[in-house]
Amino acid sequence: MDELVAVPAKGLDEKYCSDCGKTIKTRAEICPGCGVRQSMPPGTMGNVAANGKSRIAAALLAFFLGGLGVHKFYLGQVGQGILYLIFFWTLIPAVVAFIEFIILLCMNDETFNNRFGKN
1 MDELVAVPAK GLDEKYCSDC GKTIKTRAEI CPGCGVRQSM PPGTMGNVAA
51 NGKSRIAAAL LAFFLGGLGV HKFYLGQVGQ GILYLIFFWT LIPAVVAFIE
101 FIILLCMNDE TFNNRFGKN
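Per my numbering: the sequence shown ends with 119, consecutive numbering throughout.
Among the clues, some could well be false.
Said to hold, decoys possible - Calculated pairs, SDA-like style, for lysine to any residue (alpha carbon to alpha carbon, straight line, at most 20 Å): (1) K25 x G11; (2) K15 x G33; (3) K118 x G81.
The set of hints was computed from the structure by calculation and includes no laboratory data.
With the sequences and hints as input, model every part of the structure.
Structure below.
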């Protein structure tokens, strides 16, 4: 006969490891049992800075709405955002925003937090 394996009860602030199934804290990035890095919970946009800004969200805004300067407003750089709005018809802000999109994707979280996390 097959034996049943008891699964430990999971608390409100806990989740199961994606690899070994061990009960771990919800905020744990690495399982203490098997050492596997955990995936981000659904609905999150990566690590966020102290002011709540996300590098991935800023990169996506730069890619899709960068020609209008939306990513600049999101990052708290209102003056530059207004310049993007004034000159959006020249398409120059769109080109610059695409370059900033690539820079934001290549930037690590620590650099992003130092540059944009203080607003």
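### Message
Holds or violated: K25 and G11, Cα atoms, limit 20 Å.
### Response
holds (9 Å)
### Message
Hinted pair, alpha-carbon criterion (20 Å max): K118, G81. Please report holds or violated.
### Response
holds (18 Å)
#### Entry: Pair hint K15 and G33, alpha-carbon separation not exceeding 20 Å
holds (13 Å)
Hint check: no violations occur; every hint is consistent with the structure.
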